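S.K.: One letter stands for each residue in the lines below.
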Amino acid sequence: MLKPKNDLLQGTLALLVLKTLACGPLHGYGITLYIQMVSKDFLRVEEGSLYPALHRMEQDGWVSAEWGLSENNRRARFYRLTAKGHRQLAEEEKNWERLTQAVAHVLSFA
Amino acid sequence: MSLLARLRSMLRRNRLDQDLDEELRSHLEMRAADNLAAGMPPEQARYEAQKRFGNTTLLKQDAREVDIVRWLDEAARDFRHALRMLQRSPGFTTVAVLTLALGIGANTAIFSVIDAVLLRPLPYHEPDQLVMVWENNSQHPNPHNTVSPPNFLDWQNRNTVFSSMAYMFDGRDNLTGNGDPQEVVVQDVSANFFSLLGVSLLLGPGFTPENGQAGHDNVVILGYGIWKERFAGDPAIVGKSIVLNGHPQTVVGVAPQNFQWFIKDGSLTSAKPQMWSPFVFPQSWSNHNDMGRFITVVARLKPGANRSQAQTQMTAIASQLEHEYPDADGHWGVNVVSLRDQISGELRPALLVLFGAVAFVLLIACANVSSLLLARAASREREMAIRTAIGASRWRIARQLLMESLLLALIGGGIGVALAVWGTNALLAASPRNLLDMHSVSMDLPVLSFALAATLLAGLLFGFLPSYISAHSRISETLKEGGRGTSSANRRAFARNAFVVAQLGLALVLLTGSGLLIRSFVRLIGVDPGFDTGHLLTFKVSLPRAKYGKDPLCLAFFQQLLARLSVVPGVRSATMESFPPLAGLGAATAVHLLGQPSLALSDLPVTNVQVVGSNYFNTMNIPLRAGRLFNAQELAQERHVTIINQAFADKYLHGLNPLGQKAAIYMKSLSENELQPSEIIGVVGDVHQLGLDTTPEPTVYWPHPELVMSGMTILVRTANDPLSIASAARTALQQLDPELPLAGVATMDQLLADSLSRSRFTMLLLGIFSAVALVLAAVGIYGLIAYSVTQRTQELGIRIALGAQRRDVLRLVLAQGARLTLLGVAIGVFAALVLSRLLATLLFNVSATDPLTFAGVAALLAVVALLACFIPARRATRVDPIVALRYE
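Line order of the protein sequences matches chains E and X.
Counting from 1, one number per residue, gives the positions in the first sequence under our numbering.
Counting from 1, one number per residue, gives the positions in the second sequence under our numbering.
Quick caveat, the hints were computed from the structure, so don't treat them as lab data.
The model shown is predicted, which means the values in this text are computed figures rather than measured ones.
Each hint should be verified, as a subset may be incorrect.
Claimed, not checked - Facing chain E, from chain X, some residues (calculated, C-beta under 8 Å):
#1 D21
#2 E22
#3 L24
#4 S26
#5 H27
#6 M30
#7 R31
#8 D551
Beta carbons are placed, not taken as given, at the ideal position from N, Cα and C, and that holds for glycine.
Bound conformation, chain E alone (with noise of 0.2 Å):
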């Protein structure tokens, strides 16, 4: 299992979460579950850092909680993107890819 350091990971948690939650409503559980899944069990969303995360997202006013009941009806917190979420989705999808463009020509250079 790879284990991103901590400072890769900070920048593209957030990035991670948007997208997770730009396809609708989740609660925490949910977006670890998902983000497992569509990385093909690549990437492992530590709880230790997406529960801060997700708070930050939401003082920051890019997330907006509600409680809800969960598929098989337990009561959990469901996060939803706001509008100011889909504009910083937007932002961090063009500067991860400026990154991983940068970081292929520096690879292909070489």
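Model the placement of chain X on the given structure of chain E, informed by the hints.
M.R.: For chain X alone, coordinates are given in the frame of chain E:
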């Protein structure tokens, strides 16, 4: 994050907490359910879910990053952590805490005195509206000259700025009945005196306006002290009668304990009044040309009026009076002084200098502790780096270090306040009785607030730089380099050097200040008072006018007293004079030398007048410079002769032979035809009448018959300890009149010491503070060099292994100290040149930039600093190369 959001999140804290708890619980349950579904046994399914989460409490705290309560939680955690860190290094903690306690304690002690003397409101009604009104002669400047009664009456009638004015003058009266006769200082005042000040009496109704009319003034208000001592605090004293100078007076009140009214400048007795009695001006006192200046005036400004308006108007009134009465009021102006300035004026410069000095001591202490923290921070760099690596923010690290500093400061401050309580009381106990009119200083709210503010400020001051540097160190560098040679290590080294230089500079400023005061004091005690102060007993005898109203009675009494005293065993000779030397007292008047052109009275030269008894000059050992002394006839009868001092001859006779000259001395009466000029028969050496720091003024001496005075200071030259004959002197006095008290018994050496007390006290305190500063600065540079020797052990080992001699190593290490010392001394000399000017008013015969003092203290500081460097430098020469190289 805005304050509003922070507040809101604080209010929502409980809700947030519950939400978070529930959210995390639901997450755990979902995970556990899935694990179960994947086939794990239930126990393991739950454990696995928990494990992935780690510590849920911690997580919750991280998620609430924004919460102010969390901030406080963390502060508390930092606090506990700081406490543990300090406990772990008791040596460091002790040194730092003691250093700070010293600094904060000294500041608090001096501030408590400043608060009491300069800041606390005076115990009167609207004290800011109270002013003293003095006269002030442009020819003979004395800003606080007492006032003539007719001028007072005119001021009172003409001014529009004062709501009321009161006058006072003090004298010594004999209090008789119930117990030994006792001399008391009684202040005669206008009947409105207490109501003007707005003092509410402890007991009794006080003076009524009726007491201000002739015939109704036989009442008295007792001071708290005399009420307690003489009348045993009798609660029923009001209405009772006491006997003053043989006259019964009815007690109408007792002043409260905090009523410590004493205006030294106007005092005729130089002593604090013990009771007050109304005094009504006789009709004749409104005659301008027949009255001297001897009353002290206090006035209350009308609401809305201020001191400078009063000054303007009173100056205008004074110039009217100057025109109307040129003889009496020529050259006389008015000086309006706020009561606060009047009372604290002479202490203010010394107190402010001392306050500056303790502030410097605190700064030096802060620099020391800061330097210690920097040294510690270097060794803790790895700890910090690891904390940063595992996610602590810079702010978090800085905060933790600041918390340690604040904790140090608080402990230091607490001990400091305890030190201050003890120190202030020691200070007051050691302070001369005529300097600070206080017995204890209370640690009240303003003083404690000051101590707290000083503590927090100190904590931030010495904690800021070390935590800033630690918080901004680069982790990767630190972990790689093992804490040496990193940029933060360089910054620390620079900061510690800067601190040492600053400390040395500050210490030099303080040392210069105390050096100047010491030199000034040495000059002062080197002044020849003009007479022999050793083995000389002094006391005062005042004859009540009721009994000794006629001059011959008075004259005969004192002659008999001196005759009796001179045969007491152990007495060499006895004499008397009207005003004792060194006490700041004297009488002065105009003098006209008959050989010189006649001038208006107010333009005539001024001379002090001293009335003396037989054997005066011999007893005092005042040398005769020319002519002869008074003979027996002149001492028994009025023969119109006088002896002048050298200053009189130099200033007014300009080389003429003084002997045989005639001088009209305007002391007895102003009417020309009654004035019999005195012939100058001798010239004697100068005496420092007003104090060692004042140049002797022209003085004429009259034998007692020329001007019979009823109150005299007796001077007895003894073979042995002067105080041992005090009781024999009392017996001699009371054999003549059992109702007379022996007052103000002191030796002349005591009076001399009292006259020097303020200079000595200021010098002593500043000396103590600068010694502390010197020690702290020495410890500072010692610590730095010792640390740097430890850091350079390896380098020094290599040097020694390569053949460096002890001498070379010594020079290497000392050179580092010498550079810092030189820089510190240079900066200090420059700062001292600027700051020592503030001392000017406290210096006597020494320039504030006295080169000898500057050179001396610079040398002293340099030697002490280099000695402090020498200890670690010697250690450096003993470095064993083998051990040093194995160090890593």
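S.K.: To test your reading of the hints: which numbers does this structure violate?
M.R.: 1, 8
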